[in-house]
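**Student:** Next come the chains, spelled out residue by residue.
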Amino acid sequence: MNFDPRYSGRNFTSVGTRPIRPDGVDKVTGRARYGADFNMAGQLVGRVLRSPHAHATIRKIDTSKAEKLPGVKAVITAADLPDLTDGDAAMYDILDNCMARTKALYDGHAVAAVAAVDARTARQALKLIVVDYEVLPHVTDVDEAMKHHAPLINDAIFTEGLEEKPVKPSNVTKRSQFGHGDVHQGFGHADFVVERSFKTEQTHQGYIEPHACVASVSSDGTADLWVCTQGHFVYRQHCAQLLGMEASKLRVTSSEIGGGFGGKTHVWAEPVALALSRKAGRPVKLVMTRDEVFRASGPTSATSIDIRIGARKDGTITAAEATLRYSCGPYAGSWAEIGAMTAFACYKLDNVKTVGYEVLVNRPKTAAYRAPSAPMAAFAVESAVDELAKEIGMDPVEFRIRNAAQEGTRSSYGPVYGPIGIGPTLEAARSHPHMKAPLGPNQGRGMACGFWFNFGGQTCTDLNIGMDGSVSLAVGTVDVGGSRASLSLVAAEELGIAYEHVKAIVADTSSLGYNDMTDGSRGTFSSSMATISAARNAIKILRERAAQMWDISVDDVVWEKGHAVARGEKHGNLGKLSLKEIAAASGKTGGPIAGHSELVADGAGVSFATHICDIEVDPETGATRVIRYTVVQDAGKAVHPTYVEGQYQGGAAQGIGWALNEEYIYGKDGRLQNPGFLDYRIPVCSDLPMIDTQILEIPNPNHPYGVRGVGETSIVPPLAAIANAVSNAAGVRMTHIPMSPPRILAAIEAERGG
Amino acid sequence: MAGIAVSATINGDSVEYLCQPDETLLDVLRDRLGLTGAKEGCGTGDCGACSVILDNRLVCSCLVLGAEAEGRRVETVEGMAHGDKLHPLQQKFLEHAALQCGICTPGFLIAAKDLLAKNPDPTEEEIRFGLAGNLCRCTGYDKIVRAVQDAATVMKGA
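First to last, the protein sequences are chains V and B.
Under this note's numbering, residues 29 to 782 are what the first sequence spells out, in order.
Under this note's numbering, residues 527 to 684 are what the second sequence spells out, in order.
Take the hints with a grain of salt, since some may be wrong.
As the list claims (entries may be wrong) - Partial chain B-side listing against chain V, Cβ under 10 Å, derived: (1) Glu549; (2) Cys573; (3) Met606; (4) Gln617; (5) Gln626; (6) Gly633; (7) Pro648; (8) Glu651; (9) Arg654; (10) Gly659.
Said to hold, decoys possible - Some chain B residues judged to face chain V by a derived CB distance under 10 Å, without partners named: (11) Gly560; (12) Gly569; (13) Glu594; (14) Gln616; (15) Leu620; (16) Ile653; (17) Lys669.
If you are wondering where the hints come from, they were derived from the structure by calculation, not from laboratory data.
The C-beta atom is built at its ideal place from N, Cα and C for all residues, glycine as well.
Could you build all of it, start to finish, from the sequences and the hints given here?
**Tutor:** Written as structure tokens, this is what we have:
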């Protein structure tokens, strides 16, 4: 049946309420099973040996002593994961990242792995593996890596996207450009121009659950993988391809996931665990330590960004330009490209140009982190926008409202916007009581906007109606933060039954068709669309069954509030049939009743947010305190408002950590110096105030209920909002994230001329 | 290697187990006793996901050896509910949506239980500092603090 995804205004019964999530009790009683909570009979312990060098040729690996240690059942190196990628460069990079082939490219790069009867034996075995390294010069800083004399990380890389094909290899893998108009001319019309350079350091997603999996490969070539992931179908595809299996022979079950934020969209140790299991002939459990999580998974890009924005005296921006350099780790990526697309997306600009450079460095492979690449670009742009408003003498909110993109605006990255929420979030911020609250000494207020594309993607959902009238909903998007609750609400809404009668689960890869990952804020957006479609398909069958029970034409049966109703005067005596009554009779009317849906969820509406924060700076130490924080964001339609608030608050908190404290610190030897939560300190409870939220609902025209994704945008404005607040409090423009006490103190002292 | 024989009381039950001298209490709970409610987020005492109460003292079970539990009482998240009746903290965490991914939740519940046992009427600041040894990356702590405040009110009235 054709599915019409267009928004139609309606009064909601279930959607917009705040029931307890279906997986809640298991999670507060310790019963929920996460990646490391699963075991199989006869399982071995897997451990990975990692390079201590930032950059080194692997001359030879001698595993003979480790293999002879009693209790060791398998030792593998790159030789056990042969290259089956068949010219697919992106897959080859994934393979090489899982297990280094000829060179170790960062501190923490996997070079070998063992499976043994227990953890102690596995640890001992790692010590017996002898790797002969030839240490090479390394580079970890994004600007240094672009210089001519920088050590080359991959001499087969020639910069793409240049007008002329370069003759020399480079650490810059790609140049990309976006924009329209003529910036040169635009700057000619400007009365004020702000030009600044900014840097942001590398951060980790910081999920509390380390990567964990249990792999079991049988001698008949079939395999099971239990794993914490944001996308078990994608993990299946990648693992099957790297191991030379048919995808259907590998069943992947996603465990409960203890946080991902983009970091669990990439395979890391899973192909290694499968290779170990294949070699040992037994199940293998592989759990990363926190040290390994920091050194070898995640993180986001470190960046270096130049901004130039010009405006007329009346506050109209005439031109905007950005050059963005993003570190990718040792493999090609498109992180600067995304940054270049998002940088000016909040604004209506006649002349705009952004250029992105993807830069290889000897750091772990850059992974997606919640609205990947957008927060750094927003930090640079929104800092410059604030400064420009100040130079013109305009209120920073008014200045942004004057230049905000609207419906019909051609975005800085190309497409023309439909109905969007940037103007409304700014107006809500302007009239928010937070904006007028008095500030104390050494306190500053900052605000900033943020944009994220949102994504839809391939989605498949099954909705099965039991004979008792209860509903099982099987979805394929991993639930990272309460989506089973929101999808149950949507099924209940569409069918017209109570939320309590719907039970949503995340199905494994053998039980449901392919689903893209839970990324791009797509979980609730896309799976709710597929759930509505599946429910409508089920309703069609329910109507047919009711027509059969009444012996009338299905055209005379409509579905209202969970009941089949016979339409027309001639059926006036038929009353209603509930979903439960129709389900009870299903065995006699044609068998089980179910609705299925397979679709590509197009039309994920773009998302905007405005954040306001107050920061107190201690001018003697450079220490900061977050006094107050407010998030205003458009949700399209908040399906479960409490979990929408949770997404807003969580993104803000991650952004606060990024802005003020979190960073990867590398020594001169190219080794990560702070791979633990003690030295890489994420915000704790006593660091933060309550985080106020305001949900705006500007319906997405491309979703039946108007839903937009809400998960990622909330991390885009905080870096800039906090930088603006700190700059206002300290009286000096901050240009380097994180604004740790030493950086703030140095900036204050430089300003004082000290 | 011969194991060390240990007798302890876990969630009110007498338990006997053998463990190696280098095994942590967290390893014992998870791998020997099948109590996987306590989580290993770091293994270095920095994240609090493995929090348990050891003889009325809140500890990171990754920093306690399994052998050290000899003769002592251990309380884990699995022991918080009475039959099918949830502890008020568990109920309030659900009502306030004080969890998103839920991996830190067992540790927070144990730490909050310990906090309220020692300070039944904490201020917001006391809750924030009392729970500062537990990391949550999803919620920004707002709803966790509110859930603990609400649970404290309910428990005072009980």
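**Student:** Now look at each hint and say whether the structure bears it out.
**Tutor:** Right, here's what the structure says about each hint:
no., hint, verdict
1, Glu549, "holds (9 Å)"
2, Cys573, "holds (5 Å)"
3, Met606, "holds (7 Å)"
4, Gln617, "holds (8 Å)"
5, Gln626, "holds (4 Å)"
6, Gly633, "holds (9 Å)"
7, Pro648, "violated (12 Å)"
8, Glu651, "holds (8 Å)"
9, Arg654, "holds (4 Å)"
10, Gly659, "holds (8 Å)"
11, Gly560, "holds (9 Å)"
12, Gly569, "holds (6 Å)"
13, Glu594, "violated (19 Å)"
14, Gln616, "holds (4 Å)"
15, Leu620, "holds (4 Å)"
16, Ile653, "holds (7 Å)"
17, Lys669, "holds (6 Å)"
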